[in-house]
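**Q** These protein sequences, in sequence, are chains L and W. Residue numbers for the first sequence follow our numbering, so the first one is 7 and each next one is one higher. Residue numbers for the second sequence follow our numbering, so the first one is -9 and each next one is one higher.
Keep in mind that the hints are not guaranteed to be accurate.
Unchecked claim - Restricting the straight-line Cα-Cα distance to at most 30 Å, the calculated cross-link-like pairs of lysine-lysine (DSSO-like) are:
#	chain 1	residue 1	chain 2	residue 2
1	L	LYS41	W	LYS46
2	W	LYS27	L	LYS87
3	W	LYS58	L	LYS336
4	L	LYS45	W	LYS68
5	W	LYS27	L	LYS336
6	W	LYS58	L	LYS41
7	W	LYS68	L	LYS41
8	L	LYS327	W	LYS46
9	W	LYS27	L	LYS178
10	W	LYS68	L	LYS328
11	W	LYS46	L	LYS328
12	L	LYS45	W	LYS58
13	W	LYS68	L	LYS327
14	L	LYS54	W	LYS46
15	L	LYS54	W	LYS58
16	W	LYS46	L	LYS178
17	W	LYS58	L	LYS237
Note that these hints are calculated values from the structure, not bench results.
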Amino acid sequence: MYAQMVKSTGQGVKPREEMSPQERAFQDRIDADQKIEPKDWMPDAYRKTLIRQIGQHAHSEIVGQLPEGNWITRAPTLERKAILLAKVQDEAGHGLYLYCAAETLGVSRDELTQDLLSGRMKYSSIFNYPTLTWADMGAVGWLVDGAAIMNQVPLQRTSYGPYSRAMIRICKEESFHQRQGYDIMMKMANGSDAQKKMAQDALNRFWYPSLMMFGPSDKESVHSAQSMAWKIKINTNDELRQKFVDQTVPQAELLGLSIPDPDLRWNEERGHYDFSEPDWTEFFDVLRGAGPCNTDRMAARRNAWDDGAWFRDGLMAHAEKKRARAAAAKTAAE
Amino acid sequence: MTTNEWPLWEIFIRGQHGLSHRHVGSLHAPDAEMAIKHARDVYTRRNEGVSIWVAKAENIAASAPSDKGPLFEPSNDKVYRHPTFFDIPDEAGHM
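So that you can see chain L by itself, here it is in the shape it has in the complex:
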């Protein structure tokens, strides 16, 4: 998932008896699985938490184009290049669906962009890792998009209408992303020794960062408890991580690759795989900005914004000129 450590009120779930009648009616609607729409009344904290969560999610889609964009000009065949191009274009689209959902909550697109560029808002830790070989394109599609899907599928049922609709659209498109990644992995894993080694190396490097995408355990988190009561978070981080591991291990076996975890084993009693936790110190370092690519990613986004300014302004000026000309022609005709 592309939203990590989203803070809500920090107070835990508000008890019913402390709610105002308006808040109680709001919670009743959520409990009855009704969707909240932009013009409906909502608690301020619900609005703010959603802006943080959807905004972070949108930023992740946009920054997430960079590690893959790195390989568009170096794809091994024209077909792979066309597919990767389409995939990266989808990520841009996903960012836009989500920004548009966030904007219905009363924040502007430019405000969100500024918050990303100033570092006030975050994007997923995963995109601060480099993509060193072509096999990484396979690993990213298979593991990173796979982890994202784990989180996004339940979010289709989230309580906020525009967010839910964006998620439904995104999930429809996301399955192509994961399958094209796995397809690359299959090709590499069944290729020459050198290709197989590259595939294993990509899995080794992306395994733990993918597990980190779900965020640290939030069993005790007051933020998550409130978000779950509001149905803007559906599962705990641990539930989703477990589901991801259970799904991915057999897929790795099918590829003939091994998961880089000596403690990974099937637990008959639990009906799940036991696995090692990622290094959470590394996770917090990456969130803080000390990951391998944080500086590069932010520089790329800032440059895109600054270098595009003349273009954005130029199109606005052109639109204004056209509007004025049309108005003048209309007056002249009257």
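Given chain L's structure and the hints, the job is docking chain W onto it.
**A** Then chain W, alone, in the frame of chain L:
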């Protein structure tokens, strides 16, 4: 900041011939022409449409959620508007 932000447009797509245009989301663009071009890229990458409408978001008027009662409740007690309200014997045939 919002120095020179492109205005917001609401996008409506006709999915297939014969269906109405349906709201799919919004996007920013400097004018209607660009809004249609952007809508094509953002909302029809998988053959989802045969026609696009764009309308400036500020030009759309909407009913308030608080008006839900006065606007829509009066139709609740007019069940006779539905054909199932009337009991017609089967012998009358399809009606």
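**Q** Determine for every hint whether it applies to the structure shown.
**A** Hints, one by one, checked against the model:
Pair hint LYS41 of chain L plus LYS46 of chain W holds up; C-alpha atoms about 25 Å apart against a cutoff of 30 Å. Note on LYS27 of chain W and LYS87 of chain L: the hinted pairing holds, with a Cα-Cα distance of about 24 Å set against a maximum of 30 Å. Our distance criterion of 30 Å between C-alpha atoms is broken by LYS58 of chain W and LYS336 of chain L, whose separation comes to about 41 Å. Restraint check for LYS45 of chain L and LYS68 of chain W: satisfied, since their Cα atoms lie roughly 28 Å apart, inside the 30 Å limit.
The hinted pair formed by LYS27 of chain W and LYS336 of chain L meets the criterion: a straight-line CA distance of about 25 Å does not exceed 30 Å. Between LYS58 of chain W and LYS41 of chain L, the direct Cα distance comes to roughly 15 Å. Compliance with the 30 Å bound is thereby established for this hinted pair. Pair hint LYS68 of chain W plus LYS41 of chain L holds up; C-alpha atoms about 27 Å apart against a cutoff of 30 Å. Among the hinted pairs, LYS327 of chain L with LYS46 of chain W is consistent with the structure: their alpha-carbon atoms are about 18 Å apart, no more than 30 Å.
Of the pairs offered as hints, the one joining LYS27 of chain W and LYS178 of chain L holds, with about 22 Å between alpha carbons and a cut-off of 30 Å not exceeded. In summary, the hint linking LYS68 of chain W to LYS328 of chain L is not supported, as the alpha carbons are separated by about 51 Å, beyond the 30 Å threshold. Distance check on the hinted pair: LYS46 of chain W and LYS328 of chain L sit about 16 Å apart at the alpha-carbon level, within 30 Å; holds. Between the alpha carbons of LYS45 of chain L and LYS58 of chain W the distance comes to roughly 12 Å, so the proposed pair stays at or under 30 Å and holds.
Between LYS68 of chain W and LYS327 of chain L, the direct Cα distance comes to roughly 53 Å. Violation of the 30 Å bound is thereby established for this hinted pair. Of the supplied pair hints, the one linking LYS54 of chain L and LYS46 of chain W holds, its CA atoms being roughly 26 Å apart against a limit of 30 Å. With a C-alpha separation of about 26 Å, the suggested pairing of LYS54 of chain L with LYS58 of chain W holds against the 30 Å cut-off. Note on LYS46 of chain W and LYS178 of chain L: the hinted pairing holds, with a Cα-Cα distance of about 27 Å set against a maximum of 30 Å.
Restraint check: the Cα-Cα separation between LYS58 of chain W and LYS237 of chain L comes to about 24 Å, which is no more than 30 Å; the hinted pair holds.
When held up to the earlier numbered hints, the structure conflicts with 3, 10, 13 and fits the remainder.
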